[in-house]
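Single-letter residue listing:
Number of protein chains: 2
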Amino acid sequence: MARNTMPKKERQQALVDIINKDPFITDEELSETFNVSIQTIRLDRLELGIPELRERIRSVASENQKKLRSLDAKEVIGEIVDLELGVSGISILETTEDMVFERTQIVRGHYIFAQAESLAIAVIDAKVALTGVANIKYKTPIFAGDKLVAKAKVMRTRGNKYFVWVFTKVRQQEAFRGKFILVTIGEDRR
Amino acid sequence: MARNTMPKKERQQALVDIINKDPFITDEELSETFNVSIQTIRLDRLELGIPELRERIRSVASENQKKLRSLDAKEVIGEIVDLELGVSGISILETTEDMVFERTQIVRGHYIFAQAESLAIAVIDAKVALTGVANIKYKTPIFAGDKLVAKAKVMRTRGNKYFVWVFTKVRQQEAFRGKFILVTIGEDRR
DNA sequence: CTAGCTTTAGCATCAGGTACTAATAACAGA
DNA sequence: TCTGTTATTAGTACCTGATGCTAAAGCTAG
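From first to last, the protein sequence lines are chains A and B.
Going by our numbering, the letters in the first sequence line up with residues 1 to 190, in that order.
Going by our numbering, the letters in the second sequence line up with residues 1 to 190, in that order.
Because the hints were derived from the structure by calculation, they are not lab data.
Be aware that a few hints might be false.
When chains are identical, the list treats them as one kind, so a pair holds in a single copy or across two.
[Unchecked claim] Under the rule of at most 25 Å between Cα atoms (straight-line distance), these lysine-lysine pairs were calculated in the BS3-like manner: (1) Lys21 x Lys179; (2) Lys179 x Lys9; (3) Lys161 x Lys139; (4) Lys151 x Lys21; (5) Lys8 x Lys161; (6) Lys139 x Lys127; (7) Lys66 x Lys147; (8) Lys21 x Lys161; (9) Lys9 x Lys21; (10) Lys137 x Lys21; (11) Lys21 x Lys147; (12) Lys139 x Lys67; (13) Lys151 x Lys8.
Note that the coordinates shown come from a computational prediction; the quantities given were computed from them, not determined experimentally.
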């Protein structure tokens, strides 16, 4: 039956690991995996300051909810602060840590692009599909915390095609520019 | 004291709303806010099929964990299936419901862009910052469920500048193309 | 062999319930 | 007004996954 017991220290380390990996595990299950009594597990948790199952689940639930809320907000890709439909618009995006390349702290291009695209689509007053873009330029690297101010102008419309320019500034400095060609749908497209 | 009771139906509707908003509320707290006994709350939950507090917390915790995991995976923006550093690479992205414009079911351009950008950066063997892009074209609209296959080729290098072309196909049809100009950093940049 | 740490056992208690029974209150229809 | 139905409340036994406490072993090193 070799009730293969482990030294206390080792068991407690393993305990921490297991609970971190699966916070949904009960003391009973733990006692079975370690071949010790439930009381021992409880003592271990006490010593290690690990809360009971229900508290663990509770905190997982609320922490994850926080994370999801912040991601939801991020999905907006910039807040539109001014909008004259069919003419122009302004959008502001506060960049955060999780938009950057870890190694360089530089904001990933697609966030900047996404802000510009969203704004360009917002100024067009119709169901639209983005079909062509040209002349994008990133002028300077953008770092977490920078506030991106994007201005869009509708330059020309031809039938169901819209030519929209977007300029994005960081601290008054131009950081990005893009010319978007948007095609409304609903009508035939080609 | 006007124990202001509410009609049953109304109370149950309000109950659903409250619990949806705050799944962490106990029957006792609910009974206080509605000025009814705990038993009434329990009966209501039974009729409405609402599980007990602990179950609610449990499901919030695990559902949100699932969502977070899928978002994590999404952050990769395409799976790189082939890569010859400094030369070429292939990335596959399965599009999903939450990448599209609700109204049109068409995949938002920045996901396609992000896949291409990520791939372009991956094929360059260095710390890179994206600084210039040109000649992007979206050829056809892409719908949720479409599988995007992006191929990148390094066309030219000049000093710390890399010219990378990315072609993305959906069902053998070209859907996107982009020429990226990447600049490695670490060295001086200008 | 004994002092000290570690482990186990047992029991009372708690929160937040389920499941069930039974009594009472409220109200609508004849 | 009485009556039948629905709604509400009360109360009990039981459940899970714990806490908190006391006490008894088990092991181990000096």
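Cross-check of the supplied hints:
1. Lys21 x Lys179: neither (47 Å within a copy, 42 Å between copies)
2. Lys179 x Lys9: This pair counts as neither: shortest intra-copy Cα distance 61 Å, inter-copy 55 Å.
3. Lys161 x Lys139: Answer is between; shortest inter-copy Cα gap is 14 Å, intra-copy 27 Å.
4. Lys151 x Lys21: Neither: 45 Å inside a chain and 37 Å across chains, both beyond 25 Å.
5. Lys8 x Lys161: Intra 70 Å, inter 56 Å, cutoff 25 Å: neither.
6. Lys139 x Lys127: between (31 Å within a copy, 18 Å between copies)
7. Lys66 x Lys147: within (22 Å within a copy, 31 Å between copies)
8. Lys21 x Lys161: neither (52 Å within a copy, 43 Å between copies)
9. Lys9 x Lys21: within (19 Å within a copy, 43 Å between copies)
10. Lys137 x Lys21: Answer is neither; intra-copy 43 Å and inter-copy 44 Å both fail.
11. Lys21 x Lys147: For Lys21 and Lys147, neither the intra-copy (36 Å) nor the inter-copy (32 Å) Cα distance is at most 25 Å.
12. Lys139 x Lys67: neither (32 Å within a copy, 35 Å between copies)
13. Lys151 x Lys8: neither (61 Å within a copy, 53 Å between copies)
Figure legend: structure checked against the earlier numbered hints; hints not met, in rising order: 1, 2, 4, 5, 8, 10, 11, 12, 13.
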